[in-house]
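Undergrad: Listed below are the residues making up each chain.
2 protein chains.
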Amino acid sequence: MRDFSTGHRWLSINTATLRKSRGQDIALPRILDLCAARGVRAISPWRDQVAAAGLSTVSRMVKSHGLQLSGYCRGGMFPAAGAAGLQAAHDDNRRAVDEARELDAACLVLVVGGLPGALAGKAAHKDIGQAREQVHDGIARLLEHSRSVGMPLAIEPLHPMYAADRACVNTMEQALDLCDALDPARTGALGVAVDVYHVWWDPKLQAQIARAGRDRLLAFHVCDWLTPTRDLLNDRGMMGDGVIDIPRIRGWVEAQGFAGYSEVEIFSTLDWWQRDAAETLDTCIQRHRSAV
Amino acid sequence: MRDFSTGHRWLSINTATLRKSRGQDIALPRILDLCAARGVRAISPWRDQVAAAGLSTVSRMVKSHGLQLSGYCRGGMFPAAGAAGLQAAHDDNRRAVDEARELDAACLVLVVGGLPGALAGKAAHKDIGQAREQVHDGIARLLEHSRSVGMPLAIEPLHPMYAADRACVNTMEQALDLCDALDPARTGALGVAVDVYHVWWDPKLQAQIARAGRDRLLAFHVCDWLTPTRDLLNDRGMMGDGVIDIPRIRGWVEAQGFAGYSEVEIFSTLDWWQRDAAETLDTCIQRHRSAV
Numbered sequence: 001m002r003d004f005s006t007g008h009r010w011l012s013i014n015t016a017t018l019r020k021s022r023g024q025d026i027a028l029p030r031i032l033d034l035c036a037a038r039g040v041r042a043i044s045p046w047r048d049q050v051a052a053a054g055l056s057t058v059s060r061m062v063k064s065h066g067l068q069l070s071g072y073c074r075g076g077m078f079p080a081a082g083a084a085g086l087q088a089a090h091d092d093n094r095r096a097v098d099e100a101r102e103l104d105a106a107c108l109v110l111v112v113g114g115l116p117g118a119l120a121g122k123a124a125h126k127d128i129g130q131a132r133e134q135v136h137d138g139i140a141r142l143l144e145h146s147r148s149v150g151m152p153l154a155i156e157p158l159h160p161m162y163a164a165d166r167a168c169v170n171t172m173e174q175a176l177d178l179c180d181a182l183d184p185a186r187t188g189a190l191g192v193a194v195d196v197y198h199v200w201w202d203p204k205l206q207a208q209i210a211r212a213g214r215d216r217l218l219a220f221h222v223c224d225w226l227t228p229t230r231d232l233l234n235d236r237g238m239m240g241d242g243v244i245d246i247p248r249i250r251g252w253v254e255a256q257g258f259a260g261y262s263e264v265e266i267f268s269t270l271d272w273w274q275r276d277a278a279e280t281l282d283t284c285i286q287r288h289r290s291a292v
Numbered sequence: 001m002r003d004f005s006t007g008h009r010w011l012s013i014n015t016a017t018l019r020k021s022r023g024q025d026i027a028l029p030r031i032l033d034l035c036a037a038r039g040v041r042a043i044s045p046w047r048d049q050v051a052a053a054g055l056s057t058v059s060r061m062v063k064s065h066g067l068q069l070s071g072y073c074r075g076g077m078f079p080a081a082g083a084a085g086l087q088a089a090h091d092d093n094r095r096a097v098d099e100a101r102e103l104d105a106a107c108l109v110l111v112v113g114g115l116p117g118a119l120a121g122k123a124a125h126k127d128i129g130q131a132r133e134q135v136h137d138g139i140a141r142l143l144e145h146s147r148s149v150g151m152p153l154a155i156e157p158l159h160p161m162y163a164a165d166r167a168c169v170n171t172m173e174q175a176l177d178l179c180d181a182l183d184p185a186r187t188g189a190l191g192v193a194v195d196v197y198h199v200w201w202d203p204k205l206q207a208q209i210a211r212a213g214r215d216r217l218l219a220f221h222v223c224d225w226l227t228p229t230r231d232l233l234n235d236r237g238m239m240g241d242g243v244i245d246i247p248r249i250r251g252w253v254e255a256q257g258f259a260g261y262s263e264v265e266i267f268s269t270l271d272w273w274q275r276d277a278a279e280t281l282d283t284c285i286q287r288h289r290s291a292v
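Chains A and B, in that order, are what the protein sequence lines are.
Each step along the first sequence adds one to the number in our numbering, with nothing skipped, and position 31 is 31.
Each step along the second sequence adds one to the number in our numbering, with nothing skipped, and position 180 is 180.
Watch out, some of these pointers could steer you wrong.
[Unchecked claim] Output of the computed footprint for chain A on chain B, the stretches with three or more beta carbons under 8 angstroms from beta carbons of chain A: (1) 1–14; (2) 117–123; (3) 269–277.
[As the list claims (entries may be wrong)] Result set (DSS-like, lysine-lysine): computed pairs, CA atoms no more than 27 angstroms apart in a straight line: (4) A:K204 / B:K122; (5) A:K204 / B:K204; (6) B:K20 / B:K63; (7) B:K204 / A:K122; (8) A:K20 / A:K63.
I should point out that these hints are in silico values taken from the structure, not numbers from a laboratory.
Since this is a predicted model, take the numbers as computed values, not measurements.
We treat Cβ as the ideally placed atom computed from N, Cα and C, and that holds for glycine.
My request is simple: use the sequences and hints to build the entire structure.
TA: Written as structure tokens, this is what we have:
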């Protein structure tokens with residue numbers, strides 16, 4: 001297992017972590033400057049932040065700052081209530097693949113979606129099995145394009161508390177079943193993003209990480225689970241402030257040969273997004289050394 | 001599958017559902033009166049409510065009202081940071097078994113506990129594997145007593161969002177692995193409580209319900225998952241107001257031969273506990289017919 005205590009060579013910053021400074025939105029170019037100034041070598045930007053700054057601007061800045069992309073957030077949201085919705089999701093996902101390609105991301109992270117309409121508060125139906133079939137079919141179709149441009153897709157199993165509205169793929173086992181079905185040859189075109197926040201609780205986690213193997217471990221995300229957790233979405237903790245044994249899980253991932261970045265992804269309306277982004281970033285760097 | 005549309009013979013009221021009326025605590029005897037007045041045949045009371053009213057008083061009232069107990073809430077909370085804590089948990093669980101016996105409950109529901117101290121906001125450690133071992137050992141020890149008095153123990157897998165602080169048994173598969181380990185002969189002394197709120201998201205739910213079989217399906221709890229869910233603990237929905245396909249899951253349970261009560265367990269600080277308890281109970285009865 002790599003020793004992170006002496007530096008942050010393998011730290012990546014998911015740019016949602018620095019989305020707000022003192023409660024105010026800050027633009028992606030400013031985030032990139034903050035990261036570069038501290039010797040952060042990798043980021044994972046969100047599409048909305050890229051769109052706001054302009055893809056070509058971001059692409060230029062990434063290159064000039066010498067940044068790598070540990071991933072691109074995010075594609076997915078496959079299920080829909082009708083054919084037009086399914087097609088729109090596919091078209092949008094193709095664009096996400098192309099953006100990830102332009103930015104030379106290591107992978108496109110897929111948050112696969114849940115029951116159509118649930119995120120807006122009104123689910124079109126209650127058939128999570130159907131949503132899961134649409135996810136299977138949507139990834140199968142997107143793979144045709146993503147393979148052709150060489151962009152790996154990383155299915156991110158989300159915590160079961162998001163099953164209704166954000167992702168109906170909720171365990172590593174389920175994500176890997178999809179990989180087995182859609183890329184049985186393990187070509188590298190399809191794998192998983194392991195976010196400790198979503199999977200730390202899973203009694204089968206170690207076994208499923210081993211099942212994934214190096215081929216399918218495309219990204220590793222860290223933050224922490226707070227007790228109590230005050231909000232289902234935006235109360236993630238800084239590494240070390242919660243109950244997740246992050247080094248243990250990183251050890252399992254690295255035992256499979258994973259040698260990529262540990263990407264910090266913290267959504268925190270109540271705490272970190274209220275602080276100055278420089279303080280948040282400095283804390284990420286420090287905790288990457290001490291708690292990851 | 002039983003037809004619930006014409007009556008509420010198989011409705012049970014978990015008394016936490018009526019814990020508050022218009023925001024004020026109401027006592028268990030009042031809850032029992034409300035239930036009996038509407039022809040509700042079964043309840044599942046909480047220990048703190050029973051203690052406040054007095055065990056013998058509650059026992060007399062249950063008999064005089066002709067109520068059955070679909071379960072008794074709850075035992076568990078096995079993990080502890082030291083030997084004294086483990087012993088205290090055991091002693092308390094023995095008392096819970098005895099109370100359940102006195103009230104002639106169908107089973108004692110076990111919410112097994114998580115990381116010691118996490119519920120109070122400060123976990124003693126981050127080793128969920130150790131907590132799970134303590135749960136295994138704690139149930140094994142409690143079984144000696146519960147078998148001797150003929151009180152079945154129902155392990156309730158809790159939603160993974162409670163893994164840290166309330167229960168580190170989070171899937172049916174995990175609960176049934178415990179049953180296999182501790183009661184391989186399927187004697188009926190150990191089984192599971194299936195609460196749709198906790199397990200609805202699980203892609204392996206149908207298969208694991210089939211694995212449980214009639215022997216191990218000791219209780220069936222219903223409420224609904226709201227989108228959005230505003231609080232991790234106390235924002236459960238009334239059946240029909242959320243995204244869970246309750247009849248489908250009940251069908252799976254009944255296909256195994258389960259013929260017991262559908263127990264309504266709703267914690268709702270923001271909605272139902274603000275209403276009059278009579279309105280909440282009347283709505284439970286109506287939704288038992290239309291949405292369970």
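Undergrad: Hint by hint, note whether the structure agrees.
TA: Now the hints, each set against the structure:
no.: 1; hint: 1–14; in the structure: violated (count 0)
no.: 2; hint: 117–123; in the structure: holds (count 5)
no.: 3; hint: 269–277; in the structure: violated (count 0)
no.: 4; hint: A:K204 / B:K122; in the structure: 25 angstroms, holds
no.: 5; hint: A:K204 / B:K204; in the structure: 13 angstroms, holds
no.: 6; hint: B:K20 / B:K63; in the structure: 24 angstroms, holds
no.: 7; hint: B:K204 / A:K122; in the structure: 25 angstroms, holds
no.: 8; hint: A:K20 / A:K63; in the structure: 24 angstroms, holds
Checked against the numbered hints above, the structure violates hints 1, 3; every other hint is satisfied.
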